[in-house]
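Taking the UniProt record's numbering, the leading residue of the sequence shown gets 1, the next gets one more, and so forth.
Fair warning: there could be bad hints in the mix.
What the hints assert, rightly or not - Simulated pairs of lysine to any residue, SDA-like, Cα-Cα distance not exceeding 20 Å: (1) Lys141 <-> His83; (2) Lys230 <-> Gly219; (3) Lys161 <-> Glu201; (4) Lys184 <-> Thr242; (5) Lys141 <-> Lys161; (6) Lys282 <-> Ala239; (7) Lys49 <-> Glu59; (8) Lys49 <-> Leu93; (9) Lys141 <-> Asn86; (10) Lys141 <-> Arg78; (11) Lys230 <-> Gly186; (12) Lys87 <-> Glu201; (13) Lys161 <-> Leu93; (14) Lys161 <-> Cys89; (15) Lys248 <-> Gly281.
Hints in this document: simulated from the structure, not taken from any laboratory.
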Amino acid sequence: MPPAGELQHQSPSKDKQPTDTQSDEAAAAAAIAAAAADAEAAGLWTQIKAEARRDAEAEPALASYLYSTILSHSSLERSISFHLGNKLCSSTLLSTLLYDLFLNTFTSDPSLRNATVADLRAARVRDPACISFSHCLLNYKGFLAIQAHRISHKLWTQTRKPLALALNSRISEVFAVDIHPAAKIGKGILLDHATGVVIGETAVIGNNVSILHHVTLGGTGKACGDRHPKIGDGCLIGAGATILGNVKIGCGAKVGAGSVVLIDIPPRATAVGNPARLVGGKEKPTIHDEECPGESMDHTSFISEWSDYII
1 MPPAGELQHQ SPSKDKQPTD TQSDEAAAAA AIAAAAADAE AAGLWTQIKA EARRDAEAEP
61 ALASYLYSTI LSHSSLERSI SFHLGNKLCS STLLSTLLYD LFLNTFTSDP SLRNATVADL
121 RAARVRDPAC ISFSHCLLNY KGFLAIQAHR ISHKLWTQTR KPLALALNSR ISEVFAVDIH
181 PAAKIGKGIL LDHATGVVIG ETAVIGNNVS ILHHVTLGGT GKACGDRHPK IGDGCLIGAG
241 ATILGNVKIG CGAKVGAGSV VLIDIPPRAT AVGNPARLVG GKEKPTIHDE ECPGESMDHT
301 SFISEWSDYI I
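Based on the provided sequences and hints, a complete structural model is requested.
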C-alpha cells in the first residue's frame, strides 16, 4: 500500500485502445478476407456462366432465357438482381425499379453477396436434386426467397419499412415463403422445397441451417416483443415442424418432421413428436456426434433410440 495521501501509480491498461500496429493488422486481415471473398464469388460466377453456356447449347429452347438471366450479365449481383426483379415485379412494382433497388443494395453491402455465395454452395452440396449452381440460381424458390428477404431486411434496418413490407408481400405471393423483413438470417441457408415456410418478426437463424417445407417459426399468439424462435448454427429443421415462442434451439440440434416445439432444445440434441420430446429423455438427452446436421441432412440418425417400430 502507498503512504497515506500518496497516489499509487497506475500502469496503462493494455486493452483500452488498440495500438497502431493492431489496427494495421486488423485492416490487413480484413483486406485479405475481402479479397478472398471476391475471388470466391468470381470463381463461382465463372462456373455458373459455363453451366449456362452448356445448357444453352444442349437445349436451344432455353438459350434466350439463359442469355437474359445469366450470360448477358457481368457479375452474380447483376444476374440475381435482374432475375429477382423479373420474378417479383407486378403491374405497379416495375422490374426496372426492383432491379435498381436490388443491385444498389448488393453493391452497398458486400456481405449480401457473400451470403448469396454461401447459400448457393449450401444448396448444391446438401440437395442431391440440385444438378448445378445455375439451376439453383434460376429455379430454387427457397434460395430466391432468401436472397429477396436479405434485401427486404436491409430496407427494414434502413427504416424503409413500407417498401420492405411491400417486397415481403410479393415474396410471399410469388414463392409461397413468408419471412418477416425484421427476421435475422445467417448465411449458408438451405430452404429445401420451401413451400409454406413461415418465419416471424423476431426470429433469428444462425449460419449453415437447413429448413424443409411447411416449417413455422412463429409466436404463441399472445406474446408481444421478442416472441419468436432463435435457431443456432448448424441446425436441421424437418418438414412440417412448428416451433413457437421465444425458445432457443441449440447449435447443431435436430427437430424431427412434424414436431411441435414449445421449449428450448439443448445443443446437438434431437426433438421429435407432438408435443416434442428429447431423444434420450429430458434429464439426459442423447447428444449426437454431428456438429452440423444442417450440412449432413441426416434426418433419421435418432430412429434406433426412439423406436423399434419396423414396417
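Taking the hints in turn, this is what the structure says about them:
1. Restraint check: the Cα-Cα separation between Lys141 and His83 comes to about 12 Å, which is no more than 20 Å; the hinted pair holds.
2. The straight-line distance between the Cα atoms of Lys230 and Gly219 is roughly 11 Å, inside the 20 Å bound, and the hint therefore holds.
3. Only pairs whose Cα atoms come within 20 Å are accepted, and Lys161 paired with Glu201 is accepted, the gap being roughly 13 Å.
4. Between Lys184 and Thr242 the CA atoms are separated by roughly 18 Å; this keeps the pair inside 20 Å, and the hint holds.
5. The hinted pair formed by Lys141 and Lys161 fails the criterion: a straight-line CA distance of about 24 Å is larger than 20 Å.
6. Restraint check: the Cα-Cα separation between Lys282 and Ala239 comes to about 23 Å, which exceeds 20 Å; the hinted pair is violated.
7. Taken as a hint, the Lys49 and Glu59 pair is honoured in the structure, with Cα atoms around 15 Å apart against an allowance of 20 Å.
8. Among the hinted pairs, Lys49 with Leu93 is inconsistent with the structure: their alpha-carbon atoms are about 29 Å apart, more than 20 Å.
9. Taken as a hint, the Lys141 and Asn86 pair is honoured in the structure, with Cα atoms around 13 Å apart against an allowance of 20 Å.
10. Distance hint between Lys141 and Arg78 is fulfilled; the C-alpha atoms sit about 18 Å from each other, no more than 20 Å.
11. Between Lys230 and Gly186 the CA atoms are separated by roughly 12 Å; this keeps the pair inside 20 Å, and the hint holds.
12. Simply put, Lys87 and Glu201 have alpha-carbon atoms about 24 Å apart, too far for the 20 Å limit, and the pair is violated.
13. Simply put, Lys161 and Leu93 have alpha-carbon atoms about 16 Å apart, close enough for the 20 Å limit, and the pair holds.
14. Only pairs whose Cα atoms come within 20 Å are accepted, and Lys161 paired with Cys89 is accepted, the gap being roughly 18 Å.
15. Distance check on the hinted pair: Lys248 and Gly281 sit about 18 Å apart at the alpha-carbon level, within 20 Å; holds.
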